[in-house]
Amino acid sequence: MSSLAGEVGGLILENPVMLAAGILGTTGASLRRAAMAGAGAVVTKSVGSIPRDGHPGPTVVPLDIGLINAMGLPNPSYREFQEEIDIGKTGGIPVVASIFGADPDEFASIASGLTADAFELNLSCPHAEKYGAELGRYPEAVQSVTKAVKARVRVPVWVKLTPNTADIVELGLAAQDGGADAVVAINTLKAMAIDIESGYPILGNRFGGLSGPAIKPVAVRCVYDLSSALDIPVIGAGGVSCFVDAIEMIMAGASGVQIGTALQRGYGVFGEIIEGLSAYLERRSMRLSDLRGLAMRRT
Amino acid sequence: MSSLAGEVGGLILENPVMLAAGILGTTGASLRRAAMAGAGAVVTKSVGSIPRDGHPGPTVVPLDIGLINAMGLPNPSYREFQEEIDIGKTGGIPVVASIFGADPDEFASIASGLTADAFELNLSCPHAEKYGAELGRYPEAVQSVTKAVKARVRVPVWVKLTPNTADIVELGLAAQDGGADAVVAINTLKAMAIDIESGYPILGNRFGGLSGPAIKPVAVRCVYDLSSALDIPVIGAGGVSCFVDAIEMIMAGASGVQIGTALQRGYGVFGEIIEGLSAYLERRSMRLSDLRGLAMRRT
Amino acid sequence: MSPKSESPSTLAKSVDATILAVRQETPNVKTLTFDLSLDPKAGQYLMAWIRGLDEIPMGFSGPREITVHEVGQATKALANFEPGRSLGLRGPLGNSFILRGDNILLIGGGVGIAPLTFLGEAAKAQDIDVTSLIGFRSSADVLFKQRLEKLGDLAITTDDGSMGIHGFASAGLKELNLGEYSQIYLCGPEPMMWDILSRSKEHSGKIQVSINRYFKCAVGVCGSCCLDHEGIRVCVEGPVIMADRLLNSEFGKYRRGPSGSRGSCRG
Amino acid sequence: MSPKSESPSTLAKSVDATILAVRQETPNVKTLTFDLSLDPKAGQYLMAWIRGLDEIPMGFSGPREITVHEVGQATKALANFEPGRSLGLRGPLGNSFILRGDNILLIGGGVGIAPLTFLGEAAKAQDIDVTSLIGFRSSADVLFKQRLEKLGDLAITTDDGSMGIHGFASAGLKELNLGEYSQIYLCGPEPMMWDILSRSKEHSGKIQVSINRYFKCAVGVCGSCCLDHEGIRVCVEGPVIMADRLLNSEFGKYRRGPSGSRGSCRG
Ligand SMILES: Cc1cc2nc3c(=O)[nH]c(=O)nc-3n(C[C@H](O)[C@H](O)[C@H](O)COP(=O)(O)OP(=O)(O)OC[C@H]3O[C@@H](n4cnc5c(N)ncnc54)[C@H](O)[C@@H]3O)c2cc1C
Ligand SMILES: Cc1cc2nc3c(=O)[nH]c(=O)nc-3n(C[C@H](O)[C@H](O)[C@H](O)COP(=O)(O)OP(=O)(O)OC[C@H]3O[C@@H](n4cnc5c(N)ncnc54)[C@H](O)[C@@H]3O)c2cc1C
Ligand SMILES: Cc1cc2nc3c(=O)[nH]c(=O)nc-3n(C[C@H](O)[C@H](O)[C@H](O)COP(=O)(O)O)c2cc1C
Ligand SMILES: Cc1cc2nc3c(=O)[nH]c(=O)nc-3n(C[C@H](O)[C@H](O)[C@H](O)COP(=O)(O)O)c2cc1C
Ligand code: FES
Ligand code: FES
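Chain order of the listed sequences is H, S, V and R. So the first sequence is residues 1 to 299, counted in our numbering. So the second sequence is residues 1001 to 1299, counted in our numbering. So the third sequence is residues 2001 to 2267, counted in our numbering. So the fourth sequence is residues 3001 to 3267, counted in our numbering.
Hints were generated in silico from the structure; no laboratory data involved. A few of these clues could be false.
[To be verified] Per label pair, the in silico range of CB-to-CB distance:
(1) R:Ser3182 x S:Glu1083: 39 to 49 Å
(2) H:Ser228 x R:Lys3013: 21 to 31 Å
(3) V:Lys2253 x S:Cys1242: 42 to 52 Å
(4) V:Gln2073 x S:Asp1105: 54 to 64 Å
(5) S:Arg1154 x R:Ser3182: 33 to 43 Å
(6) H:Ala5 x R:Leu3053: 51 to 61 Å
(7) H:Ser228 x S:Val1244: 37 to 47 Å
(8) S:Glu1080 x R:Gly3084: 43 to 53 Å
(9) V:Leu2020 x H:Ala5: 56 to 66 Å
(10) S:Val1244 x V:Gly2179: 54 to 64 Å
(11) S:Asp1177 x V:Arg2085: 36 to 46 Å
(12) V:Asn2080 x R:Asp3039: 53 to 63 Å
The C-beta atom is built at its ideal place from N, Cα and C for all residues, glycine as well.
Hey, can you work out the whole structure from these sequences and the hints?
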């Protein structure tokens, strides 16, 4: 069987398929379960400095084309969260802590208060006031937050980028300049759904973030653009539901692939994607590195 | 039957459902056919100052969730196009000329060289170098282009906005400041698809614009945000495929609705949407104006 | 854990339903009947969208009804809905109770009686013998007494002795021989269920338990409802879980609140 | 025009096919056989994606083959594909010829013979009588002579008289009584088809014509292929169109190029 093992963003992984931030990442047990289902690494729910209950319901709108969510970054605060990370670690694979804050200091203090295999900076959640994309849309903020965290931790730092921008490459370059070990693209697209029976916006928070199959073409484009312009690795996320999607992301230049909304189908997606990827490589006698960025070489 | 007639962006329309720019809008005959199928107005293919053949094929990628296209603004130039507009006019409804240029002067000179019921300024095509979103992502450019066209024509001027930005409201306000009579939201999302058999980006132009059901939640959010912030009307476009979608757009604040990708199902979509809309209003004894912006009033 | 063992998540969209009737069951419990059926199986639940306020999980107490216990803002609002008012329903969601054998026992308390009654009625329609043991604080809180009496033997306990056996539901256990029943179904407040479970471990292979956790997405992605130590996504793999899987879980020990932080399971 | 009269557009995604065999038919025409069938009906087409270059429409000359006339960059590249090489195919697209009656006539020229031959073979399999009239520049250009001979009567015309009747295909018309045939199928260069049509207007209700326009999207949205004056989307409502709809159209008069500007229909 073709080996899928290798380095991704400063971590050595059994395979490049990971659990995305905020997906079944609130408890150590669910992180460990993703590990047991075959994930190469897991990213936790984004945690901040104080406990948050999140937005009122509905928090999701299930659609044929994907999901709109406005969870609102519920989390028990990083202080209470170390325990979950430690339980997650018993799954035997790297646990990446996703964190969010309102400024470089808050990010840095959370990062220094947690022990994890890597950090992912959520500079991209589109539906939480003062956090996420409200900072992450500005290259200067991306750079300064990255720099502040890098100065405080010794593990790899990934920066998760927002597609709600005219130029994601600008944001990626800012992360790189700030010293990021990798960028993760993409978080959700700012979106909304209205109930035509009542006229109410469906989400409790009125608007939220679109994920799932609908955003895959946007994500692939972002990964391609970032991979073409950056020197650091790009980790792809957005609508990956099967091994074909994973290959598309890798061909666009992704070093690793994160799975979010597809977990609706259950933890089995990890096995399916990993097996599909291996079988594809074997059938073509290719290595993973042959696939990576292939689309950039096809002209 | 509930009347769907009313003013939309300075035009009096039989109904608010229109053909979107670039969809079956290259010939006068196809514009007229949309009119005969029930459209309230038609927008032409975007025309520029010199003939363009467009990008090499593939120009579209059909997906379950929508379509990615990179036509590349093929058009015979505005000089040759007046004839098609005139034929389109025989359909008996307003014909809106969509135009594009690289700067305010080019826009203005095209607009003054054409006779149409209104102009729609394409400041949002995501896949043509020097045109569309490459200008339209900058509020200053949006404002100056709008102003230049407004100074030269006496008919309504609509500005079509790009969702490939961190803040579409900024762009909408710029259009309003420039004197626009309405904004149209949204054009396509910058996107890409890669063939996993060969590694080639599928589109001849490598990347293109995503349209169809996938982008409706993004479009609804843009329409809602714009309607909340602007004084001028907002015309909604993006993934509207049935009357339910049209109602959602109108509840988000849209004065009119444009149909693009759904024309894949044939011209019959106009009839379906218009009938569905009328029946809905009648069932609830509501007027169109009761629906408009309802979501903003539901808190 | 093989993927096959996971129940597929149900992708239900919100539909608009109108309240046809509201029945006051006890001082703080009401049953709402809808104008449409989501065709649920007993044990499944829906997400009830109270527009402008919140969306909360509710079990079915019948094919087109839910029974609401007023405990906070959302349940109070729901309980105050008048007939004719509409709301959004997303469901049916989750797995369901599975009928096994021809002689079943229902054990429950509080509003947990709701799904059990729905199940008992379905069982009865299939000629299965139904015995029920239900516990409440006081006689005023007793729910669905008549519906359950129609199904077969019914034992009631009250904490204050105002009706039936004096004591917790577990007090009624003594009068029953659990070995007799082909399957046992449990739903009620967590401390009560835990009390029953810890006294009947040897039967845990035939006890189906409907449990509550904090649900947000109800489609199995957000992680809010995950149950330690297996990481069971209760919203899609539950709410019905075999008792033997619960014995070594967080169940009866703690549960998570909306932020994900651990708290008392009495909440 | 009622929506019912429109053929539904076919949403085909690109599949990867490998060339199994390449047959040189004439000096500038080759037939490519694929390793898979898209299960087309005669008259339908596919979009052939020559990776890195272009995507172009091609009719089927059989269930798993296309016949390519080298006229420009894309067709030349395609004709030079070696067996073993792969390409992307999107199809089958568009409507198809419809067999009517038991005695049909095929009239064509150039590479337009390709879909007619596929149709004739399908007709023969259903015991329909097939007569063919085909026209070429010269004997070296004659295509599918053997395949058509097997089907029934075959008349050939050449512009230079090097084979068969001397003259255009219309010269062969005189020898046929069009009234005899249950249905007539036409495909070839536009001036030739127009020539035939204008000489057989009284039969236009039973002539099915496969036409070419400039296709870009092939899903019926871009407007590139629309035919005046009805605005027929040839890519999804065609390529086969009844002759009576063509008589008052742009057909035979002009056609649009890639920019949408009108040009000669000889292009
Ligand atoms: C599968 C399932 C089925 C249920 N069936 C019923 C039923 O048939 N009848 C009934 O009355 N109640 C039922 N509940 C409980 C009901 O959902 C909560 O009582 C309700 O959400 C409380 O909302 P509130 O705003 O009124 O109270 P709050 O003041 O918000 O909370 C009161 C209590 O309810 C819990 N709770 C609040 N929100 C949720 C939530 N989204 N998910 C789970 N627990 C929550 C809190 O932990 C707290 O302990 C069920 C819960 C689940 C998970
Ligand atoms: C429904 C349909 C079926 C066809 N079937 C066949 C077939 O079986 N065999 C065959 O050899 N040819 C067929 N053609 C024609 C073929 O598509 C063109 O010859 C080819 O696209 C030319 O591409 P090129 O790059 O080689 O030439 P170019 O130099 O680009 O153009 C040469 C000529 O082909 C026409 N053309 C170019 N591109 C297209 C296009 N995308 N759509 C339509 N016309 C185009 C141009 O108008 C020009 O007149 C068919 C066309 C259509 C519309
Ligand atoms: C319910 C839900 C919760 C999410 N929570 C977070 C989060 O806490 N932090 C974060 O960076 N991204 C979060 N995301 C975004 C995902 O990690 C991912 O970037 C996005 O959903 C696109 O991937 P997908 O299409 O595979 O879901 C969340 C997404 C969903 C659907
Ligand atoms: C094939 C195609 C061509 C298009 N051409 C144009 C164009 O020329 N000018 C323009 O402003 N928008 C163009 N658009 C964008 C549409 O007008 C519309 O904004 C977008 O497709 C979203 O609507 P839809 O989802 O209903 O298609 C085009 C879209 C498609 C799919
Ligand atoms: S409630 Fe979100 S995973 Fe169960
Ligand atoms: S080729 Fe685009 S509409 Fe026919």
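These are the hints, each one checked on the structure:
1. R:Ser3182 x S:Glu1083: 39 to 49 Å: holds (41 Å)
2. H:Ser228 x R:Lys3013: 21 to 31 Å: holds (26 Å)
3. V:Lys2253 x S:Cys1242: 42 to 52 Å: holds (50 Å)
4. V:Gln2073 x S:Asp1105: 54 to 64 Å: holds (59 Å)
5. S:Arg1154 x R:Ser3182: 33 to 43 Å: violated (59 Å)
6. H:Ala5 x R:Leu3053: 51 to 61 Å: violated (37 Å)
7. H:Ser228 x S:Val1244: 37 to 47 Å: holds (40 Å)
8. S:Glu1080 x R:Gly3084: 43 to 53 Å: holds (45 Å)
9. V:Leu2020 x H:Ala5: 56 to 66 Å: holds (60 Å)
10. S:Val1244 x V:Gly2179: 54 to 64 Å: holds (55 Å)
11. S:Asp1177 x V:Arg2085: 36 to 46 Å: holds (44 Å)
12. V:Asn2080 x R:Asp3039: 53 to 63 Å: holds (60 Å)
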